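Asker: Chain by chain, the residues:
There are 2 protein chains.
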Amino acid sequence: MNRTASPWQLATRTARMNPSAIREILKLTERPGIISLAGGLPSAETFPVEAMREATARVLRESPREALQYAASEGYAPLREWVAAEVGRNGLAVDAAQVLITSGSQQGLDLVGKVLIDAGSRVAVESPTYLGALQAFVPYEPEFVTIACDDEGPLPDAFAARAKGARFLYALPNFQNPSGRSIGAARRAALARAAEAIGVPIVEDNPYGELWFDAAPAAPIASHWREGTVYLGSFSKVLAPGLRLGYVIAPPAIFAKLVEAKQAADLHTPSFNQRIVHEVIRGGFLDAHVPTIRARYKAQRGAMQAALAAHLPQSGPLACSWQVPGGGMFFWVELPPGVDSDALLVKAIARGVAFVPGAPFFAGEARHNSLRLSFVTVPAEAIERGVAALGAALAELHDETAGRRPRRPAMQTAAVAP
Amino acid sequence: MNRTASPWQLATRTARMNPSAIREILKLTERPGIISLAGGLPSAETFPVEAMREATARVLRESPREALQYAASEGYAPLREWVAAEVGRNGLAVDAAQVLITSGSQQGLDLVGKVLIDAGSRVAVESPTYLGALQAFVPYEPEFVTIACDDEGPLPDAFAARAKGARFLYALPNFQNPSGRSIGAARRAALARAAEAIGVPIVEDNPYGELWFDAAPAAPIASHWREGTVYLGSFSKVLAPGLRLGYVIAPPAIFAKLVEAKQAADLHTPSFNQRIVHEVIRGGFLDAHVPTIRARYKAQRGAMQAALAAHLPQSGPLACSWQVPGGGMFFWVELPPGVDSDALLVKAIARGVAFVPGAPFFAGEARHNSLRLSFVTVPAEAIERGVAALGAALAELHDETAGRRPRRPAMQTAAVAP
Chain A
-11 MNRTASPWQL
-1 ATRTARMNPS
9 AIREILKLTE
19 RPGIISLAGG
29 LPSAETFPVE
39 AMREATARVL
49 RESPREALQY
59 AASEGYAPLR
69 EWVAAEVGRN
79 GLAVDAAQVL
89 ITSGSQQGLD
99 LVGKVLIDAG
109 SRVAVESPTY
119 LGALQAFVPY
129 EPEFVTIACD
139 DEGPLPDAFA
149 ARAKGARFLY
159 ALPNFQNPSG
169 RSIGAARRAA
179 LARAAEAIGV
189 PIVEDNPYGE
199 LWFDAAPAAP
209 IASHWREGTV
219 YLGSFSKVLA
229 PGLRLGYVIA
239 PPAIFAKLVE
249 AKQAADLHTP
259 SFNQRIVHEV
269 IRGGFLDAHV
279 PTIRARYKAQ
289 RGAMQAALAA
299 HLPQSGPLAC
309 SWQVPGGGMF
319 FWVELPPGVD
329 SDALLVKAIA
339 RGVAFVPGAP
349 FFAGEARHNS
359 LRLSFVTVPA
369 EAIERGVAAL
379 GAALAELHDE
389 TAGRRPRRPA
399 MQTAAVAP
Chain B
-11 MNRTASPWQL
-1 ATRTARMNPS
9 AIREILKLTE
19 RPGIISLAGG
29 LPSAETFPVE
39 AMREATARVL
49 RESPREALQY
59 AASEGYAPLR
69 EWVAAEVGRN
79 GLAVDAAQVL
89 ITSGSQQGLD
99 LVGKVLIDAG
109 SRVAVESPTY
119 LGALQAFVPY
129 EPEFVTIACD
139 DEGPLPDAFA
149 ARAKGARFLY
159 ALPNFQNPSG
169 RSIGAARRAA
179 LARAAEAIGV
189 PIVEDNPYGE
199 LWFDAAPAAP
209 IASHWREGTV
219 YLGSFSKVLA
229 PGLRLGYVIA
239 PPAIFAKLVE
249 AKQAADLHTP
259 SFNQRIVHEV
269 IRGGFLDAHV
279 PTIRARYKAQ
289 RGAMQAALAA
299 HLPQSGPLAC
309 SWQVPGGGMF
319 FWVELPPGVD
329 SDALLVKAIA
339 RGVAFVPGAP
349 FFAGEARHNS
359 LRLSFVTVPA
369 EAIERGVAAL
379 GAALAELHDE
389 TAGRRPRRPA
399 MQTAAVAP
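Chains as they are written, first to last, in this note's numbering: chain A, -11 to 406; chain B, -11 to 406.
In isolation and in its complexed conformation, chain A is listed as follows (with noise of 0.2 Å):
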C-alpha cells in the first residue's frame, strides 16, 4: 500500500476513536464451546416474540402507511406519551414534550455528546464507569474527570471539588455497567444539590432501573434537579435491543437542540418500530412482563453468586472480592493487586470461558486486577461451570506467575534500582 498516495484526511477526533475491547473480546466468544459471561446481551428467552408478533401484525394492518413513512424527528407522539407517564411513575414528572426518542440510548448518549461537548471540554464520570458512554463522547475530543467513588457510587464532596467547570457528570445510577453498584436515596440527593451548587448538570442513565430484585431503585437523581438533568431510558433492557429503541428526556434549555442534532444524525427512529413497540406496551404489557425478567436473572444471580462463592477464593494470596448487586446484569469482580485480567482472559478463553477486563471502563487511571461478568446471557447451569473455570484459569495463572516471580527480580536486578 502506498500510504503516502491516500486521498483520505481523517478528523483529528478519529485519533482517539478505537473500536470497543468487548467487541473484540465477542469475536472470541462466538468460537463453538466458549461460556461468554462477557457479553452485555439480555437472554434470549426474555424477548417477547408472541407479542411482538402480534403487535406488528396489527400495526402493518392498522397504519401501515404511517409505520413505513418518514416521520417527526421527536419521535411518535403516543410512545413519547407512554414513556413521560411511565417515568412519572418512578418519581420523575415530566412532559412528553421533553421526551425525545432515540435509535437505543447509545444515540442519546451521542447527541447529549454533539450537544454539549467541545474539545478540551471537561466531562465528569463516575470510576468505572459504562464504556459505551466514553465512547459515544471520545468523538468530541472531553477530557474526562474522574470521579472517586465508593460502594454507593460517586462521592459528591469529590465531585463538588474536581468538577467545576465540567460540561457534565455522566452517572450510571441503578445497577450500573460495569461495576453493579447502585446509588442510594441520599445520595443522589447530595449528588443533585452539589451539582446545582457547582453549577454543572447531571447527565443521567438508566438502561437497569426496571431490572431490580429485591426493591425498586430511589426515585430518579433528575427528580432532585429537574433543569439540570439529562435522563436517559431504554427498551433494549425490558424488551429487546435489536429494535434499538430508547428515549432522551432534556429541559427546555436544551431539548430543541437535541432534536436539531437528532434530524442530522439520522432523521428520526424508525416509525416501525415505534409503533410496534407502543403497539406492544400501551395495554400495561411490561407490568407482567418485567417481573417475569426479573425472577429470572434474580435467580442467574443467584447462580453467581454460589458459583463465585465456591470457585474464587475470598482470602489467602488469591483473595477476590465483589459486590451483591441488587439487579441488573453484572458481577465486578476485583482481583488481587498484581493480577492482570488481560493476561487471565488468555488462560480463561483457554478454558472455555470469556470475561470482560475491567481496564476499558476506567476513563483515567485502570485498574488492571478488575473484571466484569455477566449473569444474564447464559443459564445457571453454564454460569456454575463458567465461573469454575474461571477460578481454576486464575490458579493456573497465579501457578505460573509464582513459578517464574523468582527468576524475575534476579533478571532485572542489573537495570532497576532497588
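Since the hints were made in silico from the structure, they are not lab data.
On a predicted model such as this, the values are computed, not experimentally measured, just so you know.
Please note that a few of the clues may not be correct.
Reference excerpt, derived from the structure (chain B facing chain A, CB under 7 Å, subset only) [said to hold, decoys possible]:
1) Arg4
2) Met5
3) Ile22
4) Asn78
5) Val82
6) Gln95
Here are the simulated distance ranges between beta carbons [as the list claims (entries may be wrong)]:
7) B:Gln311 <-> A:Ala3: 43 to 51 Å
8) B:Ala354 <-> A:Ala3: 45 to 53 Å
9) A:Lys152 <-> B:Arg4: 58 to 66 Å
20 Å max Cα-Cα, derived DMTMM-like pairs, lysine to aspartate or glutamate [what the hints assert, rightly or not]:
10) A:Lys335 <-> A:Glu322
11) A:Lys15 <-> A:Glu384
12) A:Lys15 <-> B:Glu54
13) B:Lys15 <-> A:Glu54
14) A:Lys286 <-> A:Glu372
15) B:Lys15 <-> A:Glu62
16) A:Lys335 <-> A:Glu384
17) A:Lys15 <-> B:Glu62
18) B:Lys335 <-> B:Asp387
19) B:Lys15 <-> B:Asp330
20) B:Lys335 <-> B:Glu384
21) B:Lys286 <-> B:Asp275
All residues carry an ideal CB built from backbone N, CA and C; glycine is no exception.
We have chain A already, so just place chain B on it with the hints.
Answerer: Below, chain B alone, put in the same frame as chain A:
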C-alpha cells in the same frame, strides 16, 4: 426565566445548527386542505405492505432471537452481501466487507462527517445541494466550498480550481435533491479524474438512482476511482423510509473508522429491520417492485410537467424556467430575478399549496428566486390543482409588487444615492 443561572453550556458547534427549514414548512402542510408539493416523502401507495407482512412473520417465526438481539455494528451479513451484489449490477464492483449498514443514508452522512471533517476543514458541495447533507456536516464545523454547476452537475474545471485541499466533494449524481439534475457518464469520469489529480476524495450519495424513468443512470462516479470514493445508498425510496435503512460503501482506508463511529453512534442498525428487509428483497422482489414505482412516478412527473407548462409563464416579466428530470422526485423551478420564493410561499399557502423555497439548499450565496416541487407525494390530480394555485400565487405576488413598486423608490429617494 433566569437565563444566567442555566447550568447548560452548549458546544460551540450548536451555534451553527438550525432546525430544518423544510421541517418547519412541513408543519404548515399538515393543515387540512393543503396540497403539499413540499415534502420529499415517497408515495405511501408504493409501500409493499403485503411483502413486509409476510417477511416480518417469517423473521419472527424463524429467527426471532437473532432479530431481537444485539448484533454486529457492520450490519447483517446477508444484507451486506445483497448490497454488494446490487451495486455490482449497477457498475460498482465491491466486496461485502466494504459495506456498512446504516440507519438511513442520513446516518451515513453523519458518520462521514464525523470521520472526515475537522473544524475549519473545507468541504466541496454542489450548488444547490441536498439540505440534509449540509445539516449532517454542519455540526463538524466545515467551511463549505461551492462548486459551480451547469445542467449536468459540477464543472470539473471549477472543482479542480476551487477544491484543492478539501476533505471531499459531496455529490448527488442521480436526479439530485433539490435540482432533479443528473451527472452524465463523461462528466462522472471527468470529475473522478479531476478529484484524483487534486487528491480530493468524493462522497457519492445515491438515494434516487433506481427511480429512473427513461434510461438507467450511468455507472457511479465511484466506479472510476474506487479507493477515492465513499458511496451511499438507501432503501427509503425503493421500499419504505420508515424502516430507516441505508448503507455506506467505503474503501479500506476509512472503513474501520466509519464502523467505530457507527458503534459510538447507535451500536448497530436494528437487526429486526435488517432481517425483515433482507427477507423481503432476497428473492428478487425489487426487480418486480421498483418498475411499478418508476411507472407511477413517471406518470406523476408527466402530470407536473404538463401543469407547469399550463400554469407558469415561460416568457414575459414572470418567465420561469425548469428542467424536466429524468427520474427521482423533484422539479426545480427558477423564478424571475427578484421574486423571493419565501414571499411566494406565504401567498401559496393561502391558496392551499406548499413547496420548499430554494434558499436553504445553497451552502454559499443563495438564489432566493428558486423553489423545489415534489411530484411523488400527491397524485396527479392534486399536482394539477397545486401547480395551478402556485401560478395564481405568483401572479398575485407580482401584481402586489408591481402595485407597490412606484411608491417605494419615491419613499427611498432621499436616503439612497442614485
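Asker: Which earlier hints turn out false for this structure, listed by number in ascending order?
Answerer: Per hint list: 1, 3, 4, 5, 8, 9, 11 violated.
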